[in-house]
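**Q** Fit chain B to the given chain A structure using the hints.
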Amino acid sequence: AQKVTQAQTEISVVEKEDVTLDCVYETRDTTYYLFWYKQPPSGELVFLIRRNSFDEQNEISGRYSWNFQKSTSSFNFTITASQVVDSAVYFCALSEEKGGSEKLVFGKGTKLTVNP
Amino acid sequence: NAGVTQTPKFRVLKTGQSMTLLCAQDMNHEYMYWYRQDPGMGLRLIHYSVGEGTTAKGEVPDGYNVSRLKKQNFLLGLESAAPSQTSVYFCASSYTPGRTSSGANVLTFGAGSRLTVL
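Chains as they are written, first to last, in my numbering: chain A, 150 to 265; chain B, 60 to 177.
Do not rely on the hints blindly, as some may be mistaken.
[As the list claims (entries may be wrong)] Straight-line Cα separation of at most 35 Å, DSBU-like style, residue types lysine-lysine; simulated pairs:
1) Lys129/B <-> Lys257/A
2) Lys257/A <-> Lys219/A
3) Lys68/B <-> Lys219/A
4) Lys165/A <-> Lys130/B
5) Lys165/A <-> Lys73/B
6) Lys257/A <-> Lys73/B
7) Lys165/A <-> Lys129/B
8) Lys129/B <-> Lys116/B
9) Lys152/A <-> Lys130/B
10) Lys187/A <-> Lys116/B
11) Lys187/A <-> Lys219/A
12) Lys116/B <-> Lys152/A
13) Lys129/B <-> Lys219/A
14) Lys260/A <-> Lys116/B
15) Lys219/A <-> Lys260/A
16) Lys116/B <-> Lys165/A
17) Lys219/A <-> Lys73/B
18) Lys257/A <-> Lys68/B
19) Lys260/A <-> Lys73/B
20) Lys130/B <-> Lys257/A
21) Lys68/B <-> Lys116/B
Calculated from the structure, these hints are not laboratory results.
Same shape as in the complex, but just chain A (with noise of 0.2 Å):
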């Protein structure tokens, strides 16, 4: 079955820090696709990225840059010097294909706090 983990439940940084999020998945499939999404105290969720099993480029979007590595089964996601604005839950995610068609299996998420 597939399934994400998301061993931080929360962390708790001074803005400025750089700060690591870690997921290790789960799966049988060849193919497949990560996500990292984000969620606020608004309560939305918010998409960050999408990487398929084959792309094991890493990904920079400003201060977010994310580490893919297949030998691992992670998809690891880093805040370069971390702003209050940063505070979120962020959720891991790992696409699931059956009979043609597609679900996320999500993780537990990790609460971060950016502390001015």
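**A** Same frame as chain A, but now just chain B:
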């Protein structure tokens, strides 16, 4: 752009009461989903639909029913609410069934509906 709209946003029920959550999307998406979010549990899939007139069970379907009579709407019903169904419910939609050449679909989520069952 409305995207995915959920109503109501908040509701308090007594045990045994029934209610329906409505999800509406204006993006012509084929796929629609209902998730529930509980503290420390992440999001768990309740039911989903791959198109008008179809529904399927997700990870935690017990106690819920759904209907997709129109492509743009996906209703989640609780026939006899229980305190264990106190949660935040999220509806989501995505464009096509299965994967496209560009990869797995990105879900667009509604703002959530907070349900409390006393």
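**Q** If a hint holds in the structure, say so; if it does not, say that too.
**A** Evaluated hints:
With a CA separation close to 32 Å, the supplied pair lysine 129/B and lysine 257/A stays within the 35 Å bound. Taking the CA atoms of lysine 257/A and lysine 219/A, the gap is about 21 Å. The hint holds against a cut of 35 Å. This hinted pair does not check out: lysine 68/B and lysine 219/A have alpha carbons roughly 40 Å apart, beyond 35 Å. This hinted pair does not check out: lysine 165/A and lysine 130/B have alpha carbons roughly 46 Å apart, beyond 35 Å.
The suggested pairing of lysine 165/A with lysine 73/B is violated, with an alpha-carbon distance near 46 Å, which exceeds 35 Å. Annotation: proposed proximity of lysine 257/A to lysine 73/B holds, straight-line Cα distance about 28 Å (limit 35 Å). The suggested pairing of lysine 165/A with lysine 129/B is violated, with an alpha-carbon distance near 48 Å, which exceeds 35 Å. A distance of roughly 18 Å separates the Cα atoms of lysine 129/B and lysine 116/B; the hinted pair therefore holds under the 35 Å criterion.
With a CA separation close to 30 Å, the supplied pair lysine 152/A and lysine 130/B stays within the 35 Å bound. Restraint check for lysine 187/A and lysine 116/B: satisfied, since their Cα atoms lie roughly 26 Å apart, inside the 35 Å limit. This hinted pair checks out: lysine 187/A and lysine 219/A have alpha carbons roughly 23 Å apart, not beyond 35 Å. With a C-alpha separation of about 18 Å, the suggested pairing of lysine 116/B with lysine 152/A holds against the 35 Å cut-off.
Straight-line distance between C-alpha atoms of lysine 129/B and lysine 219/A comes to about 41 Å, which puts the hinted pair past the 35 Å bound. Simply put, lysine 260/A and lysine 116/B have alpha-carbon atoms about 29 Å apart, close enough for the 35 Å limit, and the pair holds. Restraint check: the Cα-Cα separation between lysine 219/A and lysine 260/A comes to about 25 Å, which is no more than 35 Å; the hinted pair holds. For the hint linking lysine 116/B to lysine 165/A, the alpha-carbon distance of about 44 Å lies beyond 35 Å, and the restraint is violated.
Straight-line distance between C-alpha atoms of lysine 219/A and lysine 73/B comes to about 48 Å, which puts the hinted pair past the 35 Å bound. A threshold of 35 Å between alpha carbons decides the hint, and for lysine 257/A with lysine 68/B the separation of about 23 Å falls inside it, so the pair holds. At roughly 31 Å between alpha-carbon atoms, lysine 260/A and lysine 73/B fall within 35 Å of each other, so this suggested pair holds. For the hint pairing lysine 130/B with lysine 257/A, the CA-to-CA distance comes to about 30 Å; that is within 35 Å, so the pair holds.
With a CA separation close to 24 Å, the supplied pair lysine 68/B and lysine 116/B stays within the 35 Å bound.
Going down the numbered hints, you'll see the structure goes against 3, 4, 5, 7, 13, 16 and 17, while the others check out.
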